[in-house]
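Q: Line by line, the protein sequences are chains A and B.
Take the first sequence: its position 329, counting from 1, is numbered 590 in this note's numbering, and each next residue is one higher.
Take the second sequence: its position 74, counting from 1, is numbered 335 in this note's numbering, and each next residue is one higher.
Be careful, since some hints might not be right.
Identical chains blur together in the list; that is why a pair holds if it fits in one copy or across any two.
Distance condition first, Cα-Cα at most 20 Å in a straight line; then the derived DMTMM-like pairs of lysine to aspartate or glutamate [unchecked claim]:
#1 K388 / E398
#2 K639 / D322
#3 K453 / E474
#4 K447 / E463
#5 K388 / D267
#6 K326 / D502
#7 K264 / D418
#8 K264 / D455
#9 K360 / D336
#10 K326 / E481
#11 K326 / D418
#12 K264 / E396
#13 K326 / E617
#14 K360 / E396
#15 K360 / D349
#16 K326 / D654
#17 K264 / D654
#18 K453 / E368
Hints were generated in silico from the structure; no laboratory data involved.
All values reported here derive from a predicted model rather than from experimental measurement.
2 protein chains.
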Amino acid sequence: MRKDLDHLMHTHNVDALWIMGPTTHNPAMRYFCGEASLTGADLFKRRNQPPTLFYRSMERDEAAKTGLITRCYDDYPFRTYYEQANGDISQATALRFRKMLEDLHLERSRIALYGKIEFGPQFDLVKQLQTLMPEAEFLGFADDPILLMAMMTKDEDEIERIRQMGRVTTQVVAQTADFLSQHRAKGGILIKSDGEPLTIGEVKRRINLWLAEQGAENSEGTIFAIGRDAAIPHSTGNPHDVLRLGETIVFDIFPHEAGGGYFYDFTRTWCLGFATDEALGLYEQVLSVYRQVVQELAPNRFFKFYHDRTCELFEAMGHPTVRTNPTTQEGYVHSLGHGLGLHVHEYPVSGAYANESRDLLAPGTVFTIEPGLYYPQKGIGVRLEDTYAVLPDGQITCLAEYPPDLVIPVRAS
Amino acid sequence: MRKDLDHLMHTHNVDALWIMGPTTHNPAMRYFCGEASLTGADLFKRRNQPPTLFYRSMERDEAAKTGLITRCYDDYPFRTYYEQANGDISQATALRFRKMLEDLHLERSRIALYGKIEFGPQFDLVKQLQTLMPEAEFLGFADDPILLMAMMTKDEDEIERIRQMGRVTTQVVAQTADFLSQHRAKGGILIKSDGEPLTIGEVKRRINLWLAEQGAENSEGTIFAIGRDAAIPHSTGNPHDVLRLGETIVFDIFPHEAGGGYFYDFTRTWCLGFATDEALGLYEQVLSVYRQVVQELAPNRFFKFYHDRTCELFEAMGHPTVRTNPTTQEGYVHSLGHGLGLHVHEYPVSGAYANESRDLLAPGTVFTIEPGLYYPQKGIGVRLEDTYAVLPDGQITCLAEYPPDLVIPVRAS
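Make the full structure from the sequences, and use the hints.
A: Rendered as structure tokens:
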């Protein structure tokens, strides 16, 4: 949780976090700045001190909305450093930041870097600063033990926001099911009132509209994939595809609060009109594994335990899994789930590279459970996914209930 | 243009561009990958060679949609490097990338880094690689002379896409004006049919809906700000504000193609019902400067020439400008405009730090013209903005016409 930050910084011997970039669609910045909208900023969180936010003059009112200690970049007039650097913009920028860092007493500090931002200009700045400030140490984490670790456990307000996105998500899923059901089938495909085939592109456009109506965004896209596409977990679906009856549709929707806030993550597998015996068989296996694993969930256990358990259950049914073959493209081809919050993928991790001391289902964690089976050559993919939270008392709860049904009825022609 | 890339790489002695991150909401990646949707990838563009895209197995069909030469990360099994690194994920990742770079013959190359991505993990990777590959040089640009330079001039297809976003934008602006006009005024504010005041939050929600209907996104937000907020250029507007008659509203809308494609950028200033003499006076000054500058635009001229000209015209009217005081918060407080494309801000630059050899209105450039006047203490802000392109024959054209009118009529109560 947020309150763990200073302790985590201490444990990993980090003096300051430097978070860069806009406040929108930038999880680390959003964590500190909330819903204020700044197009470019720098935030410094020193150990045992409140954060300081640097802002552009034109964005002073947005900066004030954060409630943080703020400073205007204009206090460090760019013109001065530009002249000092003889018109070299890279050097001028570094000289300006050196002064800002010096004023924060960070010239001999270990500074961890964060922010979703264009890599090139920032890399140049850090390289130049390292030369100008040889006693400072700038570092990034492949496997962040500080900020992502704090983010991993959510407080009640954060869980409530994710639950609210769950309500939005399941409402849009219900609207999508109703929309499909209202169409007639003809020649094995869904058709519109004008007799033309309905396409995946049109379905996705409706989904975006319904999300926008509720103030949500799906900036990372939505998977609505049919047939062979459904059998490849990250194929997003071809907008020109028509909706063929009886084929599996994987509908994986992961919207977030407008501006880049908390996510929800949810998947259903649907067949329009009817399911083949083969699809129904795989669906029933996935559903039974889903139910078995959910029933066994207990707080504070290693998340990977349940991933391994899922592999074991699927292997007992005769399917290849990522445990028997890490690069398999058939059977169970991904990990059981992932944490989520301001990122769609956060800690805890459940797959092969999970960390035993970190990736526990601790109170405050929010994570997905998403077993699936994929057979591209048969054109069948099945995945079921819901988002769960471990509450402060250790109770584990699904954040938005929705029926797992496979077949969506459609109107006969 | 795209075809200039090899030449620009040669001029700046760069052997390869390494573009990192997802293909959505990541302009550099989108430039090469088009509309394919990959959540994580690495693209290497070597000089005088076609690009190579690395993809995850689950995203193989999306990777294939790019039409590029592709390679699966699984050809470099992570498990091997993980064992070699004794379970250190940071080190394992670097060992894997070293092998990928070696197979591309980049171990002694100058490699420029690009991509909108979480900074920390990538910074760690590049730092580790630099140690493993001491003869390679990794660099970023504060002021990119290669990829952003190529992107600065658009081909006809790119200009047509921006023009199409202009059509979407102006249609949504017209819908917004109609929506406001349909409301009644009562007690100096707009009210809904239920007698409650209309709020900026509700207007913005409609705007998002109309954009979604046309398959556009405004992931960087929309400015719809009234009164004092309108007088601070980047204040986005308070969702709880009511719509007071006679006050200036700055409506700045910059949507893009879904998934993070080409932008449009557009601003109008509106007063509901009537304008005060003071607001009308400032509006007429901004409109006359806008018209004067647009009339003088000529191809291949230095963009900053028109910024200086705008300052000159506003100064002659008695306003402070960023030329007389770079940190002024009153009068004309920003630069005349900016290039746009896959980023909302690109080259050419028009302000104080423009580059005489680069920031020209060359054929293929697309840029905004957006003079404005701001008086926060009076609660008045005025800005007018359209997007222009220089066509191959040197003709300069507005990409979406829309009336500049100030007053939006509303229904009497």
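Q: For every hint, state whether the structure bears it out.
A: Outcome of the hint check:
no.	hint	verdict
1	K388 / E398	both (11 Å within a copy, 12 Å between copies)
2	K639 / D322	between (57 Å within a copy, 16 Å between copies)
3	K453 / E474	between (23 Å within a copy, 18 Å between copies)
4	K447 / E463	within (18 Å within a copy, 41 Å between copies)
5	K388 / D267	neither (27 Å within a copy, 26 Å between copies)
6	K326 / D502	between (45 Å within a copy, 15 Å between copies)
7	K264 / D418	within (14 Å within a copy, 51 Å between copies)
8	K264 / D455	neither (58 Å within a copy, 44 Å between copies)
9	K360 / D336	within (11 Å within a copy, 46 Å between copies)
10	K326 / E481	between (27 Å within a copy, 18 Å between copies)
11	K326 / D418	within (19 Å within a copy, 41 Å between copies)
12	K264 / E396	neither (29 Å within a copy, 43 Å between copies)
13	K326 / E617	neither (40 Å within a copy, 38 Å between copies)
14	K360 / E396	within (14 Å within a copy, 32 Å between copies)
15	K360 / D349	within (17 Å within a copy, 35 Å between copies)
16	K326 / D654	neither (34 Å within a copy, 48 Å between copies)
17	K264 / D654	within (19 Å within a copy, 61 Å between copies)
18	K453 / E368	neither (66 Å within a copy, 56 Å between copies)
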